[in-house]
Amino acid sequence: MFSFCTDPDTLGTLPWLACYLTTGVHLNFYAAFGTVLILLAVTAPTALAFGFGGAMAARSRVAPLRWFGQGYIAIVRGVPDIAFFLFFVIALDQGFEYLRHVTLCPDWDQPIRQGADFLVCPEAKLPLGSAPQWAHEGYGFALAVLTFAIVFGAFAANVLYGAMRAVPRAQVETGEAYGMTSRQTFRRIVVPQMWVYALPGLGNLWMVLIKATPLLFLLGVEDIVYWARELGAAKTPRFTAYPHPDWRMWYFLALLIFYLAFTRVSEIVIARLSDRLSRGQATAAGEAMRRAGA
Amino acid sequence: MKLILATTVLALTASAAFAQQTVRMGTEGAYAPYNFINDAGEVDGFEIELGNELCSRAGLTCEWVTNEWDSIIPNLTSGNYDTIMAGMSITDERDEVIDFTQNYFPPADSAYVALSEDADITGVIAAQTNTIQAGHVAESGATLLEYATYDETIAAVRNGEADAVFADRDALVPTVEESGGELVFVGEGVPLGGGIGMGLRESDDELQETFNAQVTAMKEDGTLNELIVKWFGEEAATFE
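Chains as they are written, first to last, in our numbering: chain B, 1 to 294; chain P, 295 to 534.
Worth flagging that the hints you see were computed from the coordinates, not collected in a lab.
From the three backbone atoms N, C-alpha and C, an ideal C-beta is built for every residue, glycine too.
It is possible that some hints are incorrect.
To spell it out: a stretch of chain P is covered by chain B in this simulated footprint if at least three of its residues, at any positions, have a beta carbon under 8 Å from a beta carbon of chain B; those stretches are [as the list claims (entries may be wrong)]:
(1) 323-329
(2) 371-378
(3) 407-413
(4) 436-448
(5) 492-506
Computed list of lysine to any residue pairs in SDA-like fashion (alpha-carbon distance at most 20 Å, straight line) [unchecked claim]:
(6) K125(B) <-> D499(P)
(7) K524(P) <-> F239(B)
(8) K125(B) <-> D498(P)
Simulated restraints on C-beta separations [said to hold, decoys possible]:
(9) K524(P) <-> C121(B): 37 to 43 Å
(10) L128(B) <-> D414(P): 19 to 25 Å
(11) A432(P) <-> Y139(B): 34 to 40 Å
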């Protein structure tokens, strides 16, 4: 990156480090932090939406919808994340391709499963075989977001389900007394007030989600753990201008600091949010705030 | 006139469809000098150079994809990429699941490397998961310690977790030479496997024939041997 980097052998320690830390591999490593942050930024709202839908389904008066919601929560919460990530993503990908295959290539006469091979017609491949690499990476990323959203959505659904039930019954009853329908009481009374009850659970989930991002690696997305391992491995002078012994410890230490700092910032934001939501609530925290203010 | 037009259109669409098809080449990117990630963050190495040459000779557009070694075969069969060039030895077990082209790297020795020459190669031996070397160690009666990457097997010997590492001799040579005497070869080399070939799906016969023909051509005109010498040095085994 810098002009003096053309011959790293002649450099002193500090310029060497500056050059070393700006190699193409390192830039990939830094970009991977962006990948993780984008994943979190996209996954968290998606998972919350899944959770909201799941919670609403689980408390529905329509029996099949209720079974679906409760089944979703029970099954996903009960399956280990790793099993879900290894099995479900492949099944999901093949499911998509199978559906496209059936609709796009009705004349295809060869079997889809040939031994270990999963073969759909070229038009049904996702992404298409001719697609550029970024499309493949984007697709892999989208699958990752979907899988994370489904897994964490189930936990969020359980949290929100509990939070909806924690809103004092008397308040809903008051709404009913004013002639509101159950849909109106849900929208005007339950949803605005449930967040304060949901926040501790959702905050927990957010922390677990941050720490679960290294699972991206299992999905073939090159995340910070992948690059830290690649960069930290001992390098011989034959294949790099920047040889060094096994530095994995330092790279993983950097990851540790990153995750700690990130979760610490999250904790502070969650605490503030909790204060904001407790204001005027008939909870212990809300009562304490009222007394302090009075 | 109509017939000519129709054939031209057909030929055009056919060539367009062919030109459009990108062959996705799967590799590991952690097994220098076969394949590794260079300073610029791109895949590099003997197999990358060879693969690109094979593709340009066959008139194919190729794109490199890295994948964990451990799941490199399942991701080929499920269609995430179309070939594997990752220092993968041709073995009967793998041949049952995928197909190979003829070898583009001759059968070579595997070797033990340790901190001292009198290391116990029947003790704890590090090897990469799902390699022929791991299989050999398991059969030899030594205690097998498996790691996901080659680098980790070397690190295990350096920090004393394993008595020795067992891997492809050609991968170990640069590691040993650059270690400044810290690492040494132990005992004789062990010939394993039928050389390294390109892995393909069993159903991909057409692609297999294409690459087979190009490998034959590169063997005959000597360019393959030149590449081997370039990346592995003068002592490396070459094709007759």
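Task: Violating hint indices (sorted, rising) - done: Per hint list: 3 and 10 violated.
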